[in-house]
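S.K.: Sequence:
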Amino acid sequence: MVLLDGATPAYRALAEGATGADVAQLNHDLVTLRYLDRSEVDSAWNEFNWATTTGVERLQKHLGVDQTGKLSLGQVVFLPTAARVTTLRAGLGAPVSGPVLQASSRARTVSVALAPDLQAKVKKGDRVTITLPDGGTTPGRVTSVGKVATAPSNNSGGSDSGPTVPVTIRPTHPAATGSLDQALVEVAITDQTVHNVLAVPVTALLARSGGGYSVELVAGDGTHHLVRVNLGLFDDAAGMVQVSGTGLAAGQRVVVPGNE
Numbered sequence: 030m031v032l033l034d035g036a037t038p039a040y041r042a043l044a045e046g047a048t049g050a051d052v053a054q055l056n057h058d059l060v061t062l063r064y065l066d067r068s069e070v071d072s073a074w075n076e077f078n079w080a081t082t083t084g085v086e087r088l089q090k091h092l093g094v095d096q097t098g099k100l101s102l103g104q105v106v107f108l109p110t111a112a113r114v115t116t117l118r119a120g121l122g123a124p125v126s127g128p129v130l131q132a133s134s135r136a137r138t139v140s141v142a143l144a145p146d147l148q149a150k151v152k153k154g155d156r157v158t159i160t161l162p163d164g165g166t167t168p169g170r171v172t173s174v175g176k177v178a179t180a181p182s183n184n185s186g187g188s189d190s191g192p193t194v195p196v197t198i199r200p201t202h203p204a205a206t207g208s209l210d211q212a213l214v215e216v217a218i219t220d221q222t223v224h225n226v227l228a229v230p231v232t233a234l235l236a237r238s239g240g241g242y243s244v245e246l247v248a249g250d251g252t253h254h255l256v257r258v259n260l261g262l263f264d265d266a267a268g269m270v271q272v273s274g275t276g277l278a279a280g281q282r283v284v285v286p287g288n289e
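Residue 30 is where the sequence shown starts when you use the numbering used here, and the numbers rise one by one after that.
Among the hints, erroneous ones may be present.
[Stated by the list, open to error] Okay, derived cross-link-like pairs now, BS3-like style, lysine-lysine, Cα gap no bigger than 27 Å in a straight line: (1) Lys176 to Lys152; (2) Lys176 to Lys153; (3) Lys176 to Lys150.
Source of the hints: derived by calculation from the structure; they are not laboratory data. Values in this document were obtained by computation on a predicted structure and should not be read as measured data.
Given these sequences and hints, build the entire structure.
M.R.: Here's what the structure looks like:
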């Protein structure tokens with residue numbers, strides 16, 4: 030079985046007289062592999078003609094199989110991009126039973142099992158911060174959000190996990206993720222953004238007896254006083270919260286546990 034480039038999956042036998050998108054990608058591959066000259070198929074890429082037959086015979090000769098000039102279903106497989114072999118299930122000379130190998134995309138991705146009640150808050154294009162096992166962070170973006178929640182295939186260890194929605198994330202700088210394979214990471218998804226606002230550490234918030242929150246400001250002379258604040262967006266990744274209120278200004282110092 031030969032793996033070739035092409036977006037149309039192999040779904041039929043191919044022989045002289047066939048036409049279509051699958052034939053076009055076969056001709057392109059034969060030209061790329063130099064089993065055909067471009068001039069021989071340039072006027073009719075989607076036609077399996079005498080030149081295609083010759084190119085297939087040359088491919089078969091290189092592979093050491095019967096040179097029929099035809100491709101039966103199953104002799105070739107088309108994939109739209111390069112693939113990375115993740116699991117090899119067959120051994121050289123061993124009988125073949127079931128899948129021979131498993132493969133994945135070569136692109137670095139992060140998969141998130143999202144709770145269904147959060148699905149509406151996450152959309153394609155959202156910015157994320159990926160925290161790696163070594164504690165470092167790198168940015169990324171959401172590339173897809175599943176539409177159907179699925180339950181885990183097994184519940185080993187007695188965990189009580191429920192259905193989840195699959196979310197795929199592409200790191201902005203793939204090289205920054207290192208060489209780890211199938212490692213656990215933490216993802217913070219930015220679903221809302223505000224600009225030019227005041228923010229304080231969440232730990233600086235003080236609950237008021239009558240409801241609401243205050244922060245304790247430290248004046249230039251060292252005196253302390255409470256200022257009532259209204260809360261906006263929370264940045265869970267940074268541990269910050271948007272605040273507004275009379276008497277607040279950028280650069281003021283607020284008291285947090287263990288600091289001033």
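S.K.: Failing hints, ascending?
M.R.: none
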